[in-house]
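Asker: These are the residues of each chain, in order.
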Amino acid sequence: MAEKKPARKLSIIASKGSLDMAYPPLILANAARMAGVEVDLFFTFWGLDIITKKKMDKLNVAVVGNPSMHPSFHIPTLVGVIPGMSAAASAMMRKEIDKLDFPPVGEFVQMIIDTGANIYGCKMSMDMMKLTEKDLVDGAKVLGAMEFIEMSEGAQTLFI
Amino acid sequence: MSVLDNVKFDADGYMEDPNAWSKEIAEAIAKREDVTLTDRSWVVINYARKEYEAKGEAPTLRNITKNTDVDTKELYSLFPGGPGKLAAKVAGLHKPTGCI
Numbered sequence: 002m003a004e005k006k007p008a009r010k011l012s013i014i015a016s017k018g019s020l021d022m023a024y025p026p027l028i029l030a031n032a033a034r035m036a037g038v039e040v041d042l043f044f045t046f047w048g049l050d051i052i053t054k055k056k057m058d059k060l061n062v063a064v065v066g067n068p069s070m071h072p073s074f075h076i077p078t079l080v081g082v083i084p085g086m087s088a089a090a091s092a093m094m095r096k097e098i099d100k101l102d103f104p105p106v107g108e109f110v111q112m113i114i115d116t117g118a119n120i121y122g123c124k125m126s127m128d129m130m131k132l133t134e135k136d137l138v139d140g141a142k143v144l145g146a147m148e149f150i151e152m153s154e155g156a157q158t159l160f161i
Numbered sequence: 009m010s011v012l013d014n015v016k017f018d019a020d021g022y023m024e025d026p027n028a029w030s031k032e033i034a035e036a037i038a039k040r041e042d043v044t045l046t047d048r049s050w051v052v053i054n055y056a057r058k059e060y061e062a063k064g065e066a067p068t069l070r071n072i073t074k075n076t077d078v079d080t081k082e083l084y085s086l087f088p089g090g091p092g093k094l095a096a097k098v099a100g101l102h103k104p105t106g107c108i
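Chains as they are written, first to last, in our numbering: chain R, 2 to 161; chain A, 9 to 108.
Keep in mind that the hints were calculated from the coordinates and are not lab data. Any given hint could be a false lead.
[As the list claims (entries may be wrong)] Below, a list of computed lysine to aspartate or glutamate pairs in the EDC-like style, where the Cα atoms sit at most 16 Å apart:
| hint | chain 1 | residue 1 | chain 2 | residue 2 |
| --- | --- | --- | --- | --- |
| 1 | A | LYS93 | R | GLU108 |
| 2 | A | LYS74 | R | GLU148 |
| 3 | A | LYS74 | R | GLU108 |
| 4 | A | LYS74 | R | GLU151 |
| 5 | A | LYS81 | R | ASP115 |
| 6 | A | LYS81 | R | GLU108 |
| 7 | A | LYS81 | R | GLU39 |
[Said to hold, decoys possible] To give an idea of the chain R side of the interface with chain A (calculated C-beta under 8 Å), a few residues:
| hint | residue |
| --- | --- |
| 8 | ASN31 |
| 9 | MET35 |
| 10 | GLY37 |
| 11 | PRO77 |
| 12 | PHE103 |
Think of the CB as a built atom: it goes at the ideal place given N, C-alpha and C, for glycine as much as any other residue.
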């Protein structure tokens with residue numbers, strides 16, 4: 002058999018907190034763990050919402066100023082400003098995600114923690130948003146950007 | 009001589025013909041991949057085989073954790089080094105195409 006290769010590592014920086022942008026880092030992190038790749042996830046700025054207990058299951062998709070919405074979700078900008086449109090589009094998207102058997106964000110984050118991936122909240126963003134480790138999902142740790150860069154040595158890095 | 013001598017594998021180490029699989033082959037693949045099989049591993053392997061027979065492809069890990077009593081944490085401890093690849097390899101199935 003082939004010789005043992007050094008363990009592959011993936012570092013993902015998640016910087017967006019909308020429902021549509023929460024899934025790519027989670028799906029990639031999970032896929033990497035499935036393939037035996039080590040994963041560190043760093044949540045910064047709006048990305049923190051993905052691992053904040055009170056927000057993780059209430060993420061929304063923007064309907065105004067979002068030109069790339071799939072036709073089945075498409076809502077014209079002028080209609081999108083009506084109160085409740087974003088919530089309606091988000092509910093529709095959650096339903097579609099569920100049909101593909103992808104878990105809701107909160108459950109997905111827990112699943113990724115269970116796979117052995119490491120979850121970090123960006124210290125500076127947390128200070129700015131007045132969040133502490135207790136506000137984050139259990140198992141997440143607070144980390145500075147410099148430390149994250151240091152631990153990412155030799156890893157493939159994705160910024161999402 | 010090994011039970012694997014007459015088994016054909018693809019370039020990534022998955023069996024070419026899942027129907028040629030047997031429990032002895034599973035044990036030998038596991039040994040080659042450095043995985044120790046326990047009764048709990050067999051819960052996963054047997055379920056994966058059952059799903060393959062019903063649907064013609066390897067189940068996703070989410071399918072496995074939803075439909076057996078093996079949860080995500082245990083699945084990763086049973087197949088350290090990536091259950092997505094290893095469970096399918098040991099069960100003699102093709103590389104899983106699911107993303108979850």
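Asker: Taking the hints in turn, state whether each one holds.
Answerer: Here is what the structure says about each hint:
Straight-line distance between C-alpha atoms of LYS93 (chain A) and GLU108 (chain R) comes to about 23 Å, which puts the hinted pair past the 16 Å bound. Between the alpha carbons of LYS74 (chain A) and GLU148 (chain R) the distance comes to roughly 36 Å, so the proposed pair goes past 16 Å and is violated. Between LYS74 (chain A) and GLU108 (chain R) the alpha-carbon distance is near 13 Å, which keeps this suggested pair within the 16 Å criterion. For the proposed pair LYS74 (chain A) and GLU151 (chain R), the alpha carbon gap of about 37 Å is over 16 Å, so the pair is violated.
For the proposed pair LYS81 (chain A) and ASP115 (chain R), the alpha carbon gap of about 5 Å is at most 16 Å, so the pair holds. Taking the CA atoms of LYS81 (chain A) and GLU108 (chain R), the gap is near 14 Å; set against the 16 Å cutoff, the hint holds. Restraint check for LYS81 (chain A) and GLU39 (chain R): the C-alpha separation of about 15 Å stays at or below 16 Å, so the hint holds. The beta carbon of ASN31 (chain R) comes within 6 Å of a beta carbon in chain A, closer than 8 Å, and the hint placing it at the interface holds.
Checking MET35 (chain R) against chain A: minimum C-beta separation of about 3 Å stays under 8 Å; hint holds. With its C-beta approaching chain A no nearer than about 3 Å, GLY37 (chain R) sits inside the 8 Å limit, and its interface hint holds. Residue-level restraint check for PRO77 (chain R) is violated (minimum Cβ-Cβ distance to chain A is 31 Å; threshold 8 Å). Look at PHE103 (chain R): its Cβ gets to within about 6 Å of chain A, closer than 8 Å, so that hint holds up.
The structure fails to meet hints 1, 2, 4 and 11 from the earlier list, while all remaining hints are met.
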